[in-house]
Every structure is written in structure tokens, then in C-alpha cells.
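**Student:** The lines below spell out each chain.
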Amino acid sequence: MQNVLEHYKNPDNAGVIEDCTHENYSKNVSCGDEVTVYLKVSDNKLVDLKFQARGCAISVAALSMLSDEIIGMSVEDILKVDKDLVLEMLGIDVGPVRLKCALIGLQSVKEALALDVN
Amino acid sequence: MLKEQFPIFISQPDLVYLDSAATALKPMSVVDVICDYYENYSANVERGLYPIADKATIAVRNAREDIAGFFGATASQVIFTSGATQSMNLVARSVLMKIASETLENDRGEVLVSLDEHHSSLLPIVAQGQNYGFEVVLNEDGYEALTDMINEKTKLIFVSLASNVIGGERYLDSIIEKAHKFGALVLVDACQAACHMRVDFAELGADYLVFSGHKLYGPTGVGCLLVSDRGYQALRNVDFGGGAVECVSDKLEITSKPGFEGFEPGTLPIAQIIGLAEAVNFLKEAGIDEVFEHEHNLCTYLVQKLSELDFIEFVSDVQEAVHLVSFNVSGVHAHDVAFILGGKGICVRAGQHCTQLLHKKLNITASVRASFGMFNNKEDCDKLVEALKELFQMFNS
Numbered sequence: 001m002q003n004v005l006e007h008y009k010n011p012d013n014a015g016v017i018e019d020c021t022h023e024n025y026s027k028n029v030s031c032g033d034e035v036t037v038y039l040k041v042s043d044n045k046l047v048d049l050k051f052q053a054r055g056c057a058i059s060v061a062a063l064s065m066l067s068d069e070i071i072g073m074s075v076e077d078i079l080k081v082d083k084d085l086v087l088e089m090l091g092i093d094v095g096p097v098r099l100k101c102a103l104i105g106l107q108s109v110k111e112a113l114a115l116d117v118n
Numbered sequence: 001m002l003k004e005q006f007p008i009f010i011s012q013p014d015l016v017y018l019d020s021a022a023t024a025l026k027p028m029s030v031v032d033v034i035c036d037y038y039e040n041y042s043a044n045v046e047r048g049l050y051p052i053a054d055k056a057t058i059a060v061r062n063a064r065e066d067i068a069g070f071f072g073a074t075a076s077q078v079i080f081t082s083g084a085t086q087s088m089n090l091v092a093r094s095v096l097m098k099i100a101s102e103t104l105e106n107d108r109g110e111v112l113v114s115l116d117e118h119h120s121s122l123l124p125i126v127a128q129g130q131n132y133g134f135e136v137v138l139n140e141d142g143y144e145a146l147t148d149m150i151n152e153k154t155k156l157i158f159v160s161l162a163s164n165v166i167g168g169e170r171y172l173d174s175i176i177e178k179a180h181k182f183g184a185l186v187l188v189d190a191c192q193a194a195c196h197m198r199v200d201f202a203e204l205g206a207d208y209l210v211f212s213g214h215k216l217y218g219p220t221g222v223g224c225l226l227v228s229d230r231g232y233q234a235l236r237n238v239d240f241g242g243g244a245v246e247c248v249s250d251k252l253e254i255t256s257k258p259g260f261e262g263f264e265p266g267t268l269p270i271a272q273i274i275g276l277a278e279a280v281n282f283l284k285e286a287g288i289d290e291v292f293e294h295e296h297n298l299c300t301y302l303v304q305k306l307s308e309l310d311f312i313e314f315v316s317d318v319q320e321a322v323h324l325v326s327f328n329v330s331g332v333h334a335h336d337v338a339f340i341l342g343g344k345g346i347c348v349r350a351g352q353h354c355t356q357l358l359h360k361k362l363n364i365t366a367s368v369r370a371s372f373g374m375f376n377n378k379e380d381c382d383k384l385v386e387a388l389k390e391l392f393q394m395f396n397s
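Chains as they are written, first to last, in my numbering: chain A, 1 to 118; chain B, 1 to 397.
Same shape as in the complex, but just chain A (with noise of 0.2 Å):
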């Protein structure tokens, strides 16, 4: 848990990329989770992502990790990513009712590549 809390009050890619490729905004309605995801995408590679994100400690630190997980990673593997990854680096039993705050930022990014901002 003590990494958790690390990642969410310190949170590793926290920031905005203005000349991004890719923006997402996902919101967990039930509980209140909001991220907005930013991508820079050059040749099928992602090679930067920001994130803001306004929600419980699992939601943020979740996407901290998983944003340094998969920057510099192409788009191809970036989508074939799963929970799996997410909870093994979250490294705690995060329950069945907490796995869309877990998952809400791989989502999110998920999104972000399937849509075309240009």
C-alpha cells in the first residue's frame, strides 16, 4: 500500500502535453474517479503521455505506474496491455468493486488511441 500512496501523492507523468496526438477525458460516475489523458504518438510509438486525474488513491496511482510502464511502447502492445499488468504493479488486492478505479486510466488510454483528435 505504502507504494500506492507514494504514486498518488506524488504521482510519476502528472501534467499536460499541449501539442499532444491523442486527449481523453474519462469519468467514473459511481465514485467520482476523473482523468484526462494526454498521448503523443509518433510512428505507431507513444512517446510521452500526461495525465491529470482527481480521484482515490488507486485510481491515480494506477495510471502513474502504468504511465511509466508504457511509454515507449507501440500502440499495438500498448492496447494488447490487461488488468493483469495494472494489478500486478499496484501489488494489493484491490477487490472486485475497485477494479474500475484500478483499470480507469488503461481505459482511458485504450480510448485516447482509438480516437483521432486531427
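The hints are simulated quantities; they were obtained by calculation from the structure and are not laboratory data. Treat the hints with care, since some could be wrong.
Here are the simulated DSSO-like pairs of lysine-lysine, each with C-alpha atoms no more than 30 Å apart in a straight line [as the list claims (entries may be wrong)]:
#1 B/Lys257 <-> A/Lys9
#2 B/Lys383 <-> A/Lys9
#3 B/Lys360 <-> A/Lys50
#4 B/Lys344 <-> A/Lys100
#5 A/Lys83 <-> B/Lys181
#6 B/Lys360 <-> A/Lys9
#7 B/Lys361 <-> A/Lys27
#8 B/Lys305 <-> A/Lys9
#9 A/Lys100 <-> B/Lys361
#10 B/Lys344 <-> A/Lys27
#11 A/Lys100 <-> B/Lys389
#12 B/Lys360 <-> A/Lys27
#13 B/Lys178 <-> A/Lys9
Not close to chain B: a few residues of chain A, all C-beta gaps over 12 Å, as computed [what the hints assert, rightly or not]:
#14 Met1
#15 Cys20
#16 Lys40
#17 Ile58
#18 Ile71
#19 Asp84
#20 Asp93
#21 Gln107
What follows is a list of derived Cβ distance ranges for each label pair [unchecked claim]:
#22 B/Glu379 <-> A/Val29: 31 to 41 Å
#23 B/Asp382 <-> A/Gly91: 25 to 35 Å
#24 B/Asp148 <-> A/Val81: 50 to 60 Å
#25 B/Asp289 <-> A/Lys27: 22 to 32 Å
#26 A/Lys83 <-> B/Glu65: 47 to 57 Å
#27 A/Gln2 <-> B/Asn363: 27 to 37 Å
#28 B/Gly342 <-> A/Val81: 25 to 35 Å
For each residue, glycine too, the CB sits at the ideal point set by N, CA and C.
Chain B: place on chain A using the hints.
**Tutor:** For chain B alone, kept in the frame of chain A given last:
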């Protein structure tokens, strides 16, 4: 008080269960009667002509009597449902369909409800009001404001006897009196009141009263809709099937049975009904007034302890809280609070508690709720308070 009668504390003696407003724990006697039915006489009721069917039929008839008696009603006033949600959907659909069939489209009238009600109460009356062309009037203030909003156009009102977020007793006399003066029907949602305080259907004078079995130390899958004579007159049979029909003519004209039987199509949840009756008898044995006093004292104690913590933000005025307290921990999401407390064996609820509009009005995304059952004690409160101190420290170190 009675902790030893709940089997969950045998396997988990250190469990701190403060989520009775979501569902109550089950006493051994309730588990026993359900097992006894399944093991020894699991026949259908009101049908079979053999000894175990007779036993099941008598058990359900006795259960109806026991449950009715506990709530100051008669057995014929009890309709068994799957729970309060189904009960409220049934009343909203049935009553409004009947009125709509008897009135012109521009003369349907109004339905009235408060935004702080649980979705299971709020949404059925809103949705069916919209479906059948009624004006839906939403009270955005406290329940007391309902009285002044009742007028000659009001047809149906849903109001709870106790909130599932904002703890405190409610007094519905003036609402019911004025509603009846204008010919409106009143449904009282007693889900949060039934296992904490005396609820008397006759004294209350409402047309309908609903509660769920699982919040009353009974099993899931069963609840009750209590209906007055006036309430029955306003209901139309909307669900059909075996056991609820008096006759079907050659021309396919269906005549439902009168009274509760016409609203209980299909096989009843027999084991659950028997379990619910046992839960009611368990509560009767414990003494509902004693339960109220015990939980009120605990709630007052917890409020006092939480008030000493400057990082606790109460969701509402807690001075009159009787069986639950809703709050937030400054700077910590409610789900994180409940998650971390859960890891320490302390069960509380976090979220919007099926009251999205209320949380929006309060300008909070979620809240933590600690709610009491008859088995809780001061030690449970102390453990919660200590865990909250540690949690706040964890997030601010």
C-alpha cells in the same frame, strides 16, 4: 448485546461490522430455520396435499401473521415481494397506471418525492410518473418541506421514515394527514427504520409501507409491501401467473384473486419468508425499543468521538443521528477510507449510497457511512476511530 448470536463472529471474532444500513448480519436462529425448511420440508405452499406441504403452508401463513403483527398490520395487508425495490416499483407502476387509465392526459396530476431519497424510492416514482404523464415534483429541501408542497393535484408521494445517508428520526404525521386531506396516497419507505425503531403501520396511517428482509436480520430475496384498505383500492394487478389468478374465462378474461394473493404470482420465496419471520421474532425478543436505545447511544458516542478529530467532515447535522453517521476524511477519497478500513477488518460503506442527487447537492463525490446493528458495541466505535487516526496519518506523512 447479542454478538454471540451471530455466527459470523464465531469465525471472525474481531470483525467490526458497521454496515448494517447496507445489509444486516444474520443471527443463527434465522440460518437455522432456513436450513430446517430446505432439509426437512421443502415443499411448495398452498398447493400440495401431503404432510410436508401442509407444514410449509402453515409455516408461511404463520410467518405472514408474525410479520404483520410486528408492524402493527394484519396478515391480509402483507404482500411478499423480492424486496423494497420491487415493492416500490410495483406501487408506482400499479397506482399510476390505474389513475392514468381513469383520467385525461392533461389531467393526470402530480407525483411528489424528495431528492434525498434512495434511488430505489426516487427512481420508480419518477420513471413511472414520466411514463404515465404525471408532473414529477421534486422536493430539493428536507423531507419536512413536503407538507407544504401537497395540493389538490398530488396523487402519490414516496417518503422514507429514515434516510440511508442522513441519520435521524422522521415524523411523517403532517405529510400523511395533508396528503389524505387532498386524496393523495402515501408510500413510506421503512428500509432504514424497520430494524432500528418501532414502526406501526396502523398508527402511521400510510397507504403503503415497504421494507427489505435482509436489512432486518433476515435473508436476501424477500421483502414486504404493507397495504391499507385504501391502498388496495388504488392498486391494479400488473403481474400475473400461478397462484394469483381467480379464474380465466374462455374469452381469456383474467380475474385476479382479491387482496394480497392477487399480487403474489408464482411460487413464493418460501425459505426467505420463513427466515424473515424468524428475524422479526428475533428482533421482538431483543426488544425493538431496547435496540433503538442501544444503537442511538452508540451513534451518539461515535459522533462525539469523531467530532474530536479535526479531519472528519460530517455530511450533515449529526446531532440527531440515531443509527448511522456519514462523513469524509479530509483529503482522502471515501473509497480509499473504506478500502483501508476493510483491510483492518472494519466494514463501512463508501460511495454515493444510491443517492446521486443528494451527493451532488452536498457538493461531494462520495462519503463514508458507518451504520449500527444491535450487535455493535463501544469497542467497535473505538476501533473505527483509532483506524481513522492511523489512516489520516498514513495519507499525510
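**Student:** All hints, please: hold or fail.
**Tutor:** How the hints compare with the structure:
With a C-alpha separation of about 64 Å, the suggested pair lysine 257 of chain B and lysine 9 of chain A falls outside the 30 Å cut-off, and the hint is violated. Between the alpha carbons of lysine 383 of chain B and lysine 9 of chain A the distance comes to roughly 26 Å, so the proposed pair stays at or under 30 Å and holds. With a C-alpha separation of about 29 Å, the suggested pair lysine 360 of chain B and lysine 50 of chain A falls inside the 30 Å cut-off, and the hint holds. For the hint linking lysine 344 of chain B to lysine 100 of chain A, the alpha-carbon distance of about 22 Å falls within 30 Å, and the restraint holds.
Of the supplied pair hints, the one linking lysine 83 of chain A and lysine 181 of chain B is violated, its CA atoms being roughly 59 Å apart against a limit of 30 Å. Simply put, lysine 360 of chain B and lysine 9 of chain A have alpha-carbon atoms about 26 Å apart, close enough for the 30 Å limit, and the pair holds. At most 30 Å may separate the alpha-carbon atoms for a hinted pair to count; lysine 361 of chain B and lysine 27 of chain A meet this at roughly 19 Å. Between the alpha carbons of lysine 305 of chain B and lysine 9 of chain A the distance comes to roughly 28 Å, so the proposed pair stays at or under 30 Å and holds.
For the proposed pair lysine 100 of chain A and lysine 361 of chain B, the alpha carbon gap of about 25 Å is at most 30 Å, so the pair holds. Proposed proximity of lysine 344 of chain B and lysine 27 of chain A is supported: the alpha carbons are some 29 Å apart, at most 30 Å. Distance restraint check for lysine 100 of chain A and lysine 389 of chain B: the Cα-Cα separation of roughly 27 Å lies within the 30 Å cut-off, and the hinted pair is therefore satisfied. A hinted pair counts as satisfied when its Cα atoms are at most 30 Å apart, and lysine 360 of chain B with lysine 27 of chain A qualifies at roughly 15 Å.
Restraint check for lysine 178 of chain B and lysine 9 of chain A: not satisfied, since their Cα atoms lie roughly 54 Å apart, outside the 30 Å limit. With 12 Å as the threshold on Cβ separation, the claim that methionine 1 of chain A sits away from chain B is violated: the shortest Cβ distance comes to roughly 7 Å. The Cβ of cysteine 20 of chain A lies farther than 12 Å from every Cβ of chain B, with a closest approach of about 26 Å, so its non-interface assignment holds. No beta-carbon of chain B is positioned within 12 Å of the beta-carbon of lysine 40 of chain A; the least distance is around 29 Å.
Non-interface call for isoleucine 58 of chain A relative to chain B: violated, since the shortest CB-CB distance, roughly 7 Å, does not exceed 12 Å. With a least CB separation of 26 Å from chain B, isoleucine 71 of chain A remains clear of the 12 Å interface cut-off, as annotated. Even its closest Cβ contact with chain B, about 20 Å, leaves aspartate 84 of chain A beyond 12 Å, as expected for a residue assigned away from the interface. A beta-carbon of chain B is positioned within 12 Å of the beta-carbon of aspartate 93 of chain A; the least distance is around 9 Å.
Non-interface call for glutamine 107 of chain A relative to chain B: holds, since the shortest CB-CB distance, roughly 17 Å, exceeds 12 Å. Between glutamate 379 of chain B and valine 29 of chain A the C-beta distance comes to about 37 Å, which sits within the given range of 31 to 41 Å. Roughly 31 Å separates the CB atoms of aspartate 382 of chain B and glycine 91 of chain A, a value that falls within the hinted 25 to 35 Å. Separated by about 57 Å at the C-beta atoms, aspartate 148 of chain B and valine 81 of chain A satisfy the suggested range of 50 to 60 Å.
One distance hint, 22 to 32 Å for the beta-carbon pair aspartate 289 of chain B and lysine 27 of chain A, is violated here, with the actual separation near 46 Å. At roughly 51 Å, the beta-carbon separation of lysine 83 of chain A and glutamate 65 of chain B lies within the given 47 to 57 Å, and the hint holds. Remark: the range hint 27 to 37 Å for glutamine 2 of chain A to asparagine 363 of chain B is upheld by a beta-carbon distance near 31 Å. Checked against the hint of 25 to 35 Å, the C-beta distance between glycine 342 of chain B and valine 81 of chain A comes to roughly 27 Å, which is consistent with it.
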